[in-house]
Every structure is written in structure tokens, then in C-alpha cells.
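Residue-level listing of the chains:
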Amino acid sequence: MVRKKRLTKVNTLTIAEVERALSFTQPGLAITEARDVILAEGVYIVTDGPNGIGPIARYEIGIIFPKIYPSEEPSVYETAGTVERVADRHMYPSGRCCTCIWEEWLAKSIDTSVEAFCDGPLHNFFLSQFMFDKTRKWPFGDRSHGVDGVIEAIGDLLGVGPDEDAARRYIEIVAAREIKGHWACPCGSGKRLRNCHNDYVRELRGRVKHERAQKLLERLIETKLQERATPMESSQQP
Amino acid sequence: MTANDAPTHESVLQALHAGIDMPEEIFEEIVAKYESLSAWLDRDASNIKRYQPFIAPQGSVLLGTANQPIKANEEYDVDLVCRLNAAKNELTQRELKASVGREILSYAASHDMAYTPEDKRRCWTLKYADDRRFHMDVLPCIPDADCYRKRLVESGHQSIAANISVTGQAIAITDKTDPNYDRLTEEWPTSNPLGYAEWFLEQMAERLLVEKRNLMRHTTIYDKVEDIPNHKVKTTLQKAIQLLKRHRDTMFAENPEHKPISIIINTLSALAYDDEDSLVGALTAILKTMDKFIENRAGVAWVANPVNPEENFADKWAEEREKEAQFYRWLTSVRRDFGSYLNGSFPENVPAALRDRLGKTLVEKVVDEIQLTEISAPAVITSAAALSRAETMVEQVRESGTETTPWCAKRD
Ligand SMILES: [Zn+2]
Ligand SMILES: [Zn+2]
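Residue numbers (the numbering used here), protein chains in the order written: chain A, 7 to 244; chain B, -15 to 396.
Simulated from the structure, these hints should not be mistaken for laboratory data.
Note that beta-carbon positions come from the ideal geometry of N, C-alpha and C, so glycine has one too.
Among the hints, a few may not be true.
Unchecked claim - Now the stretches of chain B that chain A is said to cover, found in silico as 3 or more residues with beta-carbon under 8 Å:
| hint | stretch |
| --- | --- |
| 1 | 17 to 25 |
| 2 | 161 to 173 |
| 3 | 265 to 276 |
| 4 | 382 to 390 |
Said to hold, decoys possible - Beyond 10 Å from chain B on every Cβ pair, some chain A residues (computed):
| hint | residue |
| --- | --- |
| 5 | Arg26 |
| 6 | Phe30 |
| 7 | Glu39 |
| 8 | His151 |
To be verified - In silico SDA-like cross-links for lysine to any residue, where the CA-CA straight-line distance does not exceed 25 Å:
| hint | chain 1 | residue 1 | chain 2 | residue 2 |
| --- | --- | --- | --- | --- |
| 9 | B | Lys272 | A | Pro72 |
| 10 | B | Lys394 | A | Arg174 |
| 11 | A | Lys215 | B | Lys307 |
| 12 | A | Lys140 | B | Ser367 |
| 13 | A | Lys140 | B | Lys349 |
| 14 | B | Lys307 | A | Arg174 |
| 15 | B | Lys394 | A | Ile21 |
| 16 | B | Lys349 | A | Ile59 |
Start from the sequences and build out the full structure, keeping to the hints where you can.
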């Protein structure tokens, strides 16, 4: 049975969409096309709009939008080194910005257009950086690094505690194509789903598309695998 | 602007708009001129008097989107319809054009006009003496409401067909290049500029009413809001379109053949407009979304005429890809130029690109006036003010439920 073939809509991101999202609100970014990606480079402004008092802050950035967006996430770089490139600032040494857990954003957002990304995670990230500079606090919180952060994200999304096993069971049942009442309830009570959190699970499945949950599950697994490799690397440099 | 008001992006844009808008006295002069022509066509000796000739403005004068010409020696381009109450089986396109032409020529002769009216492809062009600042393109036409409605129904647009104020004004026009130009036939080229204007008014009806109510408060000339003619007030949609058109006109001053046409800018702007009460708000809405209203009909870019969706205002794009490319080139540029000012600059600092597009002299004059009346020190972002604004932004994100949290996977 070869039923598992995933049907992904072929949807190529156009430069017009990126222009629409950025040219007016971020006029300092030049937008160009380069084979399979669309690039936005230049000065990013944090602003509350035309109000007579100008922008709040400026960052030099570059964004790479893959044309298969949103299947693949855009990469955002801070290019001037204004933000310290340390994990505590959610910056990689390369200048790459950890805007969000991509799959979490996809799972919880109805609108996942480039415009929504720019008005959402991108906007929030630089607003957060500015706020962190001033207050040493992340205005929307921040996730623990690595796998713990993904577990927190799943917990927040599905309303379960930050417990890896529970998160895993819940995200799996939301990711399933179909569910059966005789399955074990993800809450861990040992009861069948139909006799336990049946309504709650169906409500979750109504809220989060199973394909999106599957992607978040894959992110959890992938992050775990990466983490297993990391201690070996870091142990070489005590 | 009063002396104590700090300048805002809004007040600067409003002043810039006032600087490019067609002045009231020009409008009055245009009305006087076409009323004089109308009286001539309707005089007893007129060969078309029996057709009850009706003259009305169409295009930018009717829509209230006419700008002053860029150069001092340039003329306003005034478009008029000249409708005769005749039927298609009474005369050919050529006969209609000629009978209107005869009266227009005799009008010019008896009114000491310096130039003989010109017989163009669809219209007659009346040129006034050199000191006049406009010429008029008169479009001879006859009513065509029934055929127009029938075609709308046939193509599945029943609801537009049922809108009498839109379809009732459809016309059949003449076109020298039409194969039926000399034939007595039911097949005429059609158009509906007055129906389009009706649609345009509907898109800004609420704002128009607000503006008229505002005017009522400041004048005693009118007894009631309904008495105020549309041209006495101007909505944020009209003003935004005028600024966009000015940007386009200067951008394409050197190669006008590819400049995006006004009807496309008007239509997309009106569709993107959502009754914004400020000019900044209207421009923002329009610039952010106007191209979303370009449809893709089986691979063909389509800017549907809202009063006749089977007509594509962008039909030239398919023949000449350069036209489409230039539209998008302009859109990117106009977004960036207004965005650099509205999102990236202080109100008194109009960036060079926008200044050049809207007219250096005008912008400098407006900014000078602002700085004369400006009494506060130059704006400086204090750290505390910036933080409190950022806090408000954080609050807005929370309210809209679009919070996102940074996270690193640890590996790059
Ligand atoms: Zn991080
Ligand atoms: Zn349960």
C-alpha cells in the first residue's frame, strides 16, 4: 500500500509577494531574485508607523526566502553585528537570527503568507531585540534552546504541560491522518480515547491541521537527534 | 496648519496634495466652457438639437482626481462625453461623429478659437487660445444601456446588470478604426465612463458623506448635505490617487508611452481603499494591497472594469510585456518612495526620491512653511520615548495574538 505519498501543493513564491510584504513597510530592504530564492537585504526599521516621530530602531539584515516557502523557512541574518552573536540573544555565530520555531508558527497561524511572516515573527524578533536591549527581558518570552524549547512549543500549542512524553503523545495524535476511538488516550490515563479526552483531542485536531502537526513532530525528532550529536562535539573543547 | 501644531506626515501629505490639486477656479472655468458648448449644440439652428445633446465631464475631472500639469506650459486634459439621444439604426458611427463635428467646428469658428478642432480617433479635440490652460476631448456617443445590460447578463454578471445607476449610463461610441464605422449596424464599440464614475463614488460613499458633513460645519452656503456638489469636497481616496498619479507622471516623464494608465491606478486604489479617514491611512492601505486586485484569468493578468468585468483595463499587457513590467517597476518605486517617507523618516524630512517625484519646488515650499510655523525643537528620539512606543507595539502584538518567541536549535 503506497498511500503515504504526501500531497504538497506546488506553490512558488513570487517576487511580487515579497515586494508587497516589504517594499512599503520596509523601504530600506532591496528585494532581488536569485534562482531558487528571493533575497531582501538592507536596513530593517522597527517602527510603529507614520506618527510624526520616526523609526524606533534600525538593524542591518538579510533575509533569504526559499521559493518553496512556507514548506521551508526563511533565514534571517543580522549582518552588522549590532546584536551580540550569542545564544542568549537568540543569535547564531553566523549572524543568523532564531526568529521562532518555524513549525510552531505554521501550526498556530491561519495566515502563513510572507506578509504574515514579516508582520509576525520578523517584526516580533527585532522588536524583542530592541526591548531586550533596554530591559533585559524578552517581551513575548523566549524558548529554551534545543529540544526543551520544542517541547514547550508543543505544550503551549496543545495545552499540555512541558513534559516530553505527553507532548510527544499529543502531537502524534494530532498529526495522525485519522484517529480511532479505541486508541489509547494521549493523557496517559490508560483509558481509551473515546472514554477519555476524546472531545479535547478532536478540538485540537480542528484547530491544528494534521500536516502542520506532523511537521512540528518532525522538528521535535530532528532536534533530539541533533542534540545527541552535540555533547560529543562540545566535550572536545572543555 | 496652526502655528502650534507639530508637523505630522499627515499634515505634510495634505499640504503636498493641496499643491498638486487642480484649483477650484480651473474647475469653474471648465464647467463654464462646456456649458457654453452645450448651449451651442442645443441652439435652434443646431443640426443635432432634435437629439437633445447632453454634455458631461468624464475621467479625472468627474472623478475628482485631476492634478495640475507638471510643467507650467502644459495643459489640463479635460474629457467630456457628448451624448445624443439617437438609436443605432438611425445613423452610422461616421454620421454621428460628423454631425457632432459640424457643430463643434461652427462653435469654434463663431467663438474666435485660435485652433480648428481636431478630428481624432474617437473624439473631437477643442483647443482654446494659448492663454487657456486646458483642451477638451469631446466623445460623441449614443445611449446603449439595453445592449450593455444584455451582455452583462449573458456573461453572468446579473448583479451589475441590475444596478441601474451604473448600467443606465452605458454608451455606444465611434471609432475610426472600427470595421463597422460606415455601416448601419447594432454592433458599436461601447463604453461606460459615467457608470464607472458611479462605481467609483460608491467605493468612497461613506467618506464623501463625512467630508460633506465637515464642510457643512464650516459654511452656511448649503441648507443640507445633499446640496453639496461632489467636487466641493475631496476624500482620502481621491487625494491618495492624485499623489500616486503625480509620482507616476514624474517617473515616466521621459518615456510616457509605458506609464501605467490612470484607470488601472484608480480601479486598484478604489478596491484597496477601506474608508480610511487619513491620507496616510489611505495611502498605506492602497500601497500595501493594490496589486492583490490584479486577477489571473487563465494566465492573463486582468484588471477588470468593475462595471463590465469582461473588459480588461490591462489588456495591453498581454501584447506588450514591457507595459506589465513597467507597472510593477512603478509599484515598487512608489511603495519604496512613500514608505521611506512615511515609515522611515521624520515628517519634515521628505526623502530625496519622493521629493523629486512629487516636485522639488513644491516639497521644499511645503517643508519651508512647516519649519516656519514649527516652534518645537527638531525631533529627537529620546530613549525613554522610544521604549514607551516599543512597549505599545508589544501590547498591540499581544492583543492581536500574533506573539512569537525566539528559539535556537543550537546548531547553525
Ligand atoms: Zn535562541
Ligand atoms: Zn485522557
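Each hint tested on the structure:
Coverage of the stretch 17 to 25 of chain B by chain A is violated in this model, with 0 residues showing a Cβ closer than 8 Å to a Cβ of that chain against a need of three. Evaluation of the coverage hint for the stretch 161 to 173 of chain B: breached, as 0 residues show C-beta separations to chain A shorter than 8 Å, against a requirement of three. With 6 residues carrying a beta carbon less than 8 Å from a beta carbon of chain A, the stretch 265 to 276 of chain B meets the three-residue requirement, and the given coverage holds. With 6 residues carrying a beta carbon less than 8 Å from a beta carbon of chain A, the stretch 382 to 390 of chain B meets the three-residue requirement, and the given coverage holds.
Not every Cβ of chain B is farther than 10 Å from the Cβ of A/Arg26; the closest lies at roughly 6 Å, contradicting the non-interface assignment. Taking the minimum C-beta to C-beta distance to chain B, about 4 Å, the non-interface status of A/Phe30 is violated against the 10 Å cut. Remark: the non-interface label on A/Glu39 is consistent with the geometry, its nearest Cβ contact in chain B lying 12 Å away (cut-off 10 Å). Listed as outside the interface, A/His151 is inconsistent with that label: its C-beta sits roughly 5 Å from the nearest C-beta of chain B, within the 10 Å cut-off.
As the CA atoms of B/Lys272 and A/Pro72 are separated by approximately 22 Å, the hinted pair is consistent with the 25 Å bound. Taking the CA atoms of B/Lys394 and A/Arg174, the gap is near 20 Å; set against the 25 Å cutoff, the hint holds. Restraint check for A/Lys215 and B/Lys307: not satisfied, since their Cα atoms lie roughly 42 Å apart, outside the 25 Å limit. Between the alpha carbons of A/Lys140 and B/Ser367 the distance comes to roughly 9 Å, so the proposed pair stays at or under 25 Å and holds.
Taken as a hint, the A/Lys140 and B/Lys349 pair is broken in the structure, with Cα atoms around 39 Å apart against an allowance of 25 Å. With a C-alpha separation of about 54 Å, the suggested pairing of B/Lys307 with A/Arg174 is violated against the 25 Å cut-off. A distance of roughly 31 Å separates the Cα atoms of B/Lys394 and A/Ile21; the hinted pair therefore is violated under the 25 Å criterion. Among the hinted pairs, B/Lys349 with A/Ile59 is consistent with the structure: their alpha-carbon atoms are about 21 Å apart, no more than 25 Å.
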